[in-house]
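So the protein sequences, as listed, match chains A and B. Going by my numbering, the first sequence opens with residue 1, and the numbers climb by one from there. Going by my numbering, the second sequence opens with residue 1, and the numbers climb by one from there.
Be aware that one or more of the hints could be misleading.
[Said to hold, decoys possible] Using 25 Å as the maximum straight-line C-alpha spacing, the simulated BS3-like pairs for lysine-lysine come out as follows:
1) A/LYS253 - B/LYS333
2) A/LYS78 - B/LYS333
3) B/LYS515 - B/LYS582
4) B/LYS9 - A/LYS255
5) B/LYS482 - A/LYS255
6) A/LYS242 - B/LYS515
7) A/LYS43 - B/LYS343
8) A/LYS44 - B/LYS313
9) A/LYS44 - B/LYS582
10) A/LYS265 - A/LYS253
11) A/LYS43 - B/LYS333
12) B/LYS4 - A/LYS253
13) A/LYS238 - A/LYS43
14) B/LYS4 - A/LYS238
15) B/LYS333 - B/LYS343
16) A/LYS43 - B/LYS42
17) A/LYS238 - B/LYS482
18) A/LYS255 - B/LYS515
19) B/LYS482 - B/LYS323
20) A/LYS242 - B/LYS582
21) A/LYS255 - A/LYS265
22) B/LYS333 - A/LYS44
23) A/LYS253 - B/LYS27
24) A/LYS265 - B/LYS313
25) A/LYS253 - A/LYS168
26) B/LYS482 - A/LYS43
27) A/LYS265 - B/LYS9
28) A/LYS265 - B/LYS482
29) B/LYS582 - A/LYS265
If you're looking for bench data, these hints aren't it; they were derived computationally from the structure. Bear in mind the structure is a predicted one, so any value in this text is a computation, not a measurement.
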Amino acid sequence: MNDSLTNRNEGCELDIDWVMSQSANTSAIERRAATLGTRRSIKKAHQAAWLLKAISCIDLTTLSGDDTAGRVKRLCAKGIHPIRPDLTRALGMDGLHVGAICVYHEMIETAIAALGNSGIPVAAVSTGFPAGLSPFKTRLLGAKEINIVISRRHVLTQNWQELFNEVKAFRSACGDAHLKTILATGELGSLRNVARASMVCMMAGADFIKTSTGKESINATLGTSIVMVRAIREYWEKTGFKVGYKPAGGISKAKDALVYLSLIKEELGNDWMDASLFRFGASSLLGDIERQLEHYLTGNYSANYRHPLG
Amino acid sequence: MQIKSIFDKMDYGEAPESAREAQNWLKNHNYTFGNFINGKWKQCEDHFNTVNPANDQVLAKIGQSSPSDIDSAVKAARDAQKKWSKESDHARSRILYAIARLLQKNSRLFSVLETLDNGKPIRESRDIDIPLAQRHFYYHAGMAQLMQAELPKRSPIGVCGQIIPWNFPLLMLSWKIAPAIAMGNAVVLKPAEYTSLTALLFAEICTSAGVPNGLINIVTGDGKVGEMIVGHKDINKIAFTGSTEVGKLIRERTAGSGKYLTLELGGKSPFVVFDDADLDSAVEGVVDAIWFNQGQVCCAGSRLLVHEAISEKFYNKLRNRMKNLRLGSPLDKSIDMGAIIDKKQHKKISGMVSQTQGKVFQAGSPLPQEGCFFPPTLITDLHTADPLMHEEIFGPVLVSTTFRTPSEAIELSNNTTFGLAASIWSENINLCLELAPKIKAGVIWINGTNMFDAAAGFGGVKQSGFGREGGWEGLLAYSKPKNQFSPKIKSTPVKNQISKTDYIDRTAKLYIGGKQCRPDSGYSQSIVDHNGKPVTQVPLSNRKDIRNAVEAMNSAKNWSHSTAHLRAQILYYMAENLSARKAEFANTLQALTGRSDAQTEVEQSIQRLFFYAAWSDKFDGSARSVPLKAIALVMKEAIGNCGVLCDNQYPLLGFISVMAPLFATGNRSIIIPSETFSPIVTDFYQVLDTSDVPPGTINILTGKHADLAIELAGHMDIESVWSFSPSDVSRDIEKASVSNLKRTWVNNGCGRDWNSEEGFGREFLENATENKTIWIPYGE
Numbered sequence: 001m002n003d004s005l006t007n008r009n010e011g012c013e014l015d016i017d018w019v020m021s022q023s024a025n026t027s028a029i030e031r032r033a034a035t036l037g038t039r040r041s042i043k044k045a046h047q048a049a050w051l052l053k054a055i056s057c058i059d060l061t062t063l064s065g066d067d068t069a070g071r072v073k074r075l076c077a078k079g080i081h082p083i084r085p086d087l088t089r090a091l092g093m094d095g096l097h098v099g100a101i102c103v104y105h106e107m108i109e110t111a112i113a114a115l116g117n118s119g120i121p122v123a124a125v126s127t128g129f130p131a132g133l134s135p136f137k138t139r140l141l142g143a144k145e146i147n148i149v150i151s152r153r154h155v156l157t158q159n160w161q162e163l164f165n166e167v168k169a170f171r172s173a174c175g176d177a178h179l180k181t182i183l184a185t186g187e188l189g190s191l192r193n194v195a196r197a198s199m200v201c202m203m204a205g206a207d208f209i210k211t212s213t214g215k216e217s218i219n220a221t222l223g224t225s226i227v228m229v230r231a232i233r234e235y236w237e238k239t240g241f242k243v244g245y246k247p248a249g250g251i252s253k254a255k256d257a258l259v260y261l262s263l264i265k266e267e268l269g270n271d272w273m274d275a276s277l278f279r280f281g282a283s284s285l286l287g288d289i290e291r292q293l294e295h296y297l298t299g300n301y302s303a304n305y306r307h308p309l310g
Numbered sequence: 001m002q003i004k005s006i007f008d009k010m011d012y013g014e015a016p017e018s019a020r021e022a023q024n025w026l027k028n029h030n031y032t033f034g035n036f037i038n039g040k041w042k043q044c045e046d047h048f049n050t051v052n053p054a055n056d057q058v059l060a061k062i063g064q065s066s067p068s069d070i071d072s073a074v075k076a077a078r079d080a081q082k083k084w085s086k087e088s089d090h091a092r093s094r095i096l097y098a099i100a101r102l103l104q105k106n107s108r109l110f111s112v113l114e115t116l117d118n119g120k121p122i123r124e125s126r127d128i129d130i131p132l133a134q135r136h137f138y139y140h141a142g143m144a145q146l147m148q149a150e151l152p153k154r155s156p157i158g159v160c161g162q163i164i165p166w167n168f169p170l171l172m173l174s175w176k177i178a179p180a181i182a183m184g185n186a187v188v189l190k191p192a193e194y195t196s197l198t199a200l201l202f203a204e205i206c207t208s209a210g211v212p213n214g215l216i217n218i219v220t221g222d223g224k225v226g227e228m229i230v231g232h233k234d235i236n237k238i239a240f241t242g243s244t245e246v247g248k249l250i251r252e253r254t255a256g257s258g259k260y261l262t263l264e265l266g267g268k269s270p271f272v273v274f275d276d277a278d279l280d281s282a283v284e285g286v287v288d289a290i291w292f293n294q295g296q297v298c299c300a301g302s303r304l305l306v307h308e309a310i311s312e313k314f315y316n317k318l319r320n321r322m323k324n325l326r327l328g329s330p331l332d333k334s335i336d337m338g339a340i341i342d343k344k345q346h347k348k349i350s351g352m353v354s355q356t357q358g359k360v361f362q363a364g365s366p367l368p369q370e371g372c373f374f375p376p377t378l379i380t381d382l383h384t385a386d387p388l389m390h391e392e393i394f395g396p397v398l399v400s401t402t403f404r405t406p407s408e409a410i411e412l413s414n415n416t417t418f419g420l421a422a423s424i425w426s427e428n429i430n431l432c433l434e435l436a437p438k439i440k441a442g443v444i445w446i447n448g449t450n451m452f453d454a455a456a457g458f459g460g461v462k463q464s465g466f467g468r469e470g471g472w473e474g475l476l477a478y479s480k481p482k483n484q485f486s487p488k489i490k491s492t493p494v495k496n497q498i499s500k501t502d503y504i505d506r507t508a509k510l511y512i513g514g515k516q517c518r519p520d521s522g523y524s525q526s527i528v529d530h531n532g533k534p535v536t537q538v539p540l541s542n543r544k545d546i547r548n549a550v551e552a553m554n555s556a557k558n559w560s561h562s563t564a565h566l567r568a569q570i571l572y573y574m575a576e577n578l579s580a581r582k583a584e585f586a587n588t589l590q591a592l593t594g595r596s597d598a599q600t601e602v603e604q605s606i607q608r609l610f611f612y613a614a615w616s617d618k619f620d621g622s623a624r625s626v627p628l629k630a631i632a633l634v635m636k637e638a639i640g641n642c643g644v645l646c647d648n649q650y651p652l653l654g655f656i657s658v659m660a661p662l663f664a665t666g667n668r669s670i671i672i673p674s675e676t677f678s679p680i681v682t683d684f685y686q687v688l689d690t691s692d693v694p695p696g697t698i699n700i701l702t703g704k705h706a707d708l709a710i711e712l713a714g715h716m717d718i719e720s721v722w723s724f725s726p727s728d729v730s731r732d733i734e735k736a737s738v739s740n741l742k743r744t745w746v747n748n749g750c751g752r753d754w755n756s757e758e759g760f761g762r763e764f765l766e767n768a769t770e771n772k773t774i775w776i777p778y779g780e
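From just these sequences and the hints, can you work out the full model?
What follows is the structure, given as structure tokens:
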């Protein structure tokens with residue numbers, strides 16, 4: 001599932017013409033977003049399988065000032081066994097785990113130890129999170145994925161060269177670890193800027209582009225996602241590199257997860273419906289999916305307390 | 001095990017909507033339906049099957065109406081209308097509101113039934129058809145409530161015969177019935193043969209909503225029943241939505257009958273993509289334009305025009321998108337396209353596609369084993385001469401060619417006999433708003449497509465028909481001016497005591513392209529004064545003079561895009577110049593007509609020029625409140641080339657009263673003055689010459705009304721003909737107008753008192769303009 005370490009985006013030269021040719025008609029994109037969920041309906045066994053897929057793509061995250069080793073260990077345990085063992089068995093999905101555990105740098109070693117040989121990578125969020133303005137300084141410490149926030153001012157001032165340089169520097173500092181660039185799309189002012197920033201990040205070698213830290217006032221939206229995945233598609237068509245996509249923040253319902261997955265299927269295709277190229281940055285999504293899965297198996301609606309806390 | 005395999009494949013499963021309630025409804029009716037007449041079900045002797053096109057199964061038996069069924073429906077409507085038109089606005093409004101509520105409460109039953117009968121995806125009937133139908137009744141509940149206050153000079157037309165198509169059965173029903181009953185009319189509606197079921201369910205709703213018996217009658221059957229309605233003597237208005245072919249037949253059949261007529265017909269609407277468009281969004285626009293309702297949409301964006309520089313890129317994106325389109329059971333909530341309405345239609349589509357010279361690409365998920373399905377199809381590399389670029393396919397088939405410049409895009413867009421809708425895609429709003437007025441169509445969507453709302457009028461120009469549905473303009477189709485036509489105007493001149501004739505013979509010619517010229521025929525006609533004494537001769541125009549005048553009008557096309565201020569200034573100037581020669585015109589008028597009120601007529605003519613000069617920059621369009629993040633602008637546009645035959649009554653005022661509104665609204669016109677008193681109009685050439693009237697905007701041809709009427713009405717480059725002629729030409733005009741389905745406004749033998757309120761006002765301005773709805777979505 002996580003062959004992401006092998007296929008990386010090597011990036012390309014900064015092509016300003018290509019960047020500037022990116023357009024995004026907000027109104028048309030909003031209309032597309034509004035019908036994504038009504039054009040596709042995923043029910044019964046398909047719904048269960050799709051929700052399990054969503055689990056496999058979750059970056060289970062804790063990024064709080066009050067994180068402790070105990071808290072991180074519990075989260076890792078949840079990542080290894082995201083749903084109750086009886087449900088996993090009934091669904092025939094033994095071995096299912098989340099896409100990654102996402103923590104601050106201070107917790108990387110704790111998380112790696114707790115995850116053992118589960119195969120789940122640790123994703124770290126670089127310092128200065130979420131403001132993204134503090135000087136880039138990171139210690140990898142065995143993290144397989146590094147999340148960084150771009151400097152939004154480069155986008156707002158259309159200083160594409162600076163943005164490109166910045167992401168390139170991040171990329172080389174990451175070494176073998178995959179680079180997820182957080183665009184903080186809610187602060188970029190327009191969908192056109194989102195498209196252009198996405199393109200620059202990919203040219204600079206981002207392995208994933210990600211909407212937000214989850215801590216801005218506007219997080220992932222379907223409209224933003226449409227723009228970003230279309231940029232990924234265009235980049236792939238032109239360079240042959242598959243860049244991953246990670247919407248983060250605000251996706252808390254199983255139903256939303258299905259819409260996101262069908263968006264990925266429609267716009268990018270099945271290759272991207274895998275943890276190697278798609279992740280949810282979500283904290284409360286898993287709980288809702290667990291309840292839906294129990295409903296699928298029993299026919300009765302479930303309750304929170306029936307599922308182990310993460 | 002199964003879950004794991006779906007997990008690995010990540011495909012879509014089936015998500016069927018249950019048809020149980022709809023099936024129960026059919027069963028409760030014993031799978032057999034009659035007509036709904038005078039509030040009661042009336043069984044028919046003959047029946048035909050209505051079939052689910054997705055699986056060929058018979059859903060029910062539908063009644064085939066007989067002439068006596070239509071008679072009783074019309075009679076019931078007539079009786080009901082008398083009472084209904086006397087009901088208060090509020091009382092009518094409440095009934096429409098009740099219908100809207102009941103449509104909402106039963107929305108799923110309507111949606112499922114529509115999908116079963118028509119084959120369209122449940123997503124569309126659930127999210128588009130039925131909600132829009134509800135919205136139409138809510139909106140018109142408001143119009144009923146406001147009628148007296150806002151439309152004090154309009155009255156109901158009477159009994160309306162309405163014939164609707166199978167592509168949007170309930171939605172088209174609501175577009176027809178809501179404005180009709182809101183304005184105080186009664187209706188006899190015939191649903192399409194293939195799709196009668198939701199209209200019959202609607203009939204039940206009417207009973208629950210408290211609709212008075214006879215106000216809404218639903219009669220079912222095939223085209224023969226449609227003919228019975230069209231030909232029925234006691235029906236005042238026909239409203240038809242369907243093919244251009246049938247629309248033309250209806251125009252011919254109703255010619256001279258005095259029936260009001262609105263037609264919403266076919267299209268071959270351009271979908272224009274510029275190089276700076278958001279191409280991915282434009283691709284999605286194409287999906288909504290041509291693969292919505294299997295492309296069986298009159299305003300489908302079926303003619304893709306792509307900027308040459310990006311055409312291959314765009315086609316590739318489009319082909320990739322097409323691969324993801326899912327075809328299947330229309331009740332499946334996860335499909336994009338359902339079934340084609342009928343095998344006949346399927347055969348027509350595949351026949352047209354199989355004969356094309358273009359490059360055909362077909363994609364989408366595999367076609368279902370049974371039922372009537374056709375894959376999404378893109379045909380590129382087509383020349384403008386290819387029949388597929390002109391003929392309406394009415395299926396999921398998109399044809400395409402490229403353009404180089406904005407002006408070429410406009411030319412290609414207008415290179416069609418249709419004029420229903422157009423989509424324009426560019427991130428440059430300047431460019432979009434340059435094209436919007438120049439593309440000949442009733443509806444323009446900028447960076448969008450197939451947007452509809454009850455508040456924004458819908459309808460076509462050219463051979464896409466006439467009349468609007470929705471908005472204030474839609475009410476014009478279901479109401480008439482209270483003071484229209486006085487049948488009892490005397491046409492004999494008033495004799496008076498004037499004995500001296502001081503008319504000086506002048507050499508009158510024709511007025512074409514701003515110049516006086518001799519008639520092609522070389523013949524003239526004698527004009528006599530009121531004493532029967534010959535005073536002069538005027539030229540006899542023929543079809544070649546009309547041809548020349550049309551060419552002059554075409555050279556003056558820019559006039560329609562001139563400023564309203566300029567048009568007002570010229571009309572004021574005409575008034576000024578006429579005023580300076582008041583005495584002379586009064587003298588001539590008196591000499592010709594023998595009327596003692598000649599001076600008043602000249603004075604009235606000057607006032608009338610002022611009146612339309614005043615209106616010129618005030619007959620505005622409006623911005624409509626639509627439930628979308630968009631502005632819908634309804635613009636008043638010139639119709640184009642117009643021809644008018646003038647009345648004998650008040651020969652100068654009658655001429656000014658038709659010339660001025662056409663001129664004020666930016667039309668180019670050919671005016672045929674009163675046959676008897678034409679010299680008063682040929683004298684007016686000098687006023688035109690001295691008033692800065694642009695050449696070709698006003699052309700005047702003298703001659704025989706009976707001959708010229710048919711030539712005007714038959715000319716395919718004239719878009720509208722009015723007749724106030726005392727000659728019996730109304731029928732001929734309406735009949736000959738079929739050549740290009742031009743708009744007509746004829747007097748049917750009635751007179752008009754030009755010296756009263758009948759002679760001027762909004763009615764003239766409305767008839768001189770088309771309403772174009774321009775949708776401008778916004779957002780950043």
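Quiz prompt | Violations among the numbered hints | solution = Result: hints 2, 5, 6, 7, 8, 9, 13, 14, 16, 17, 18, 19, 20, 23, 25, 26, 28, 29 break, sorted rising.
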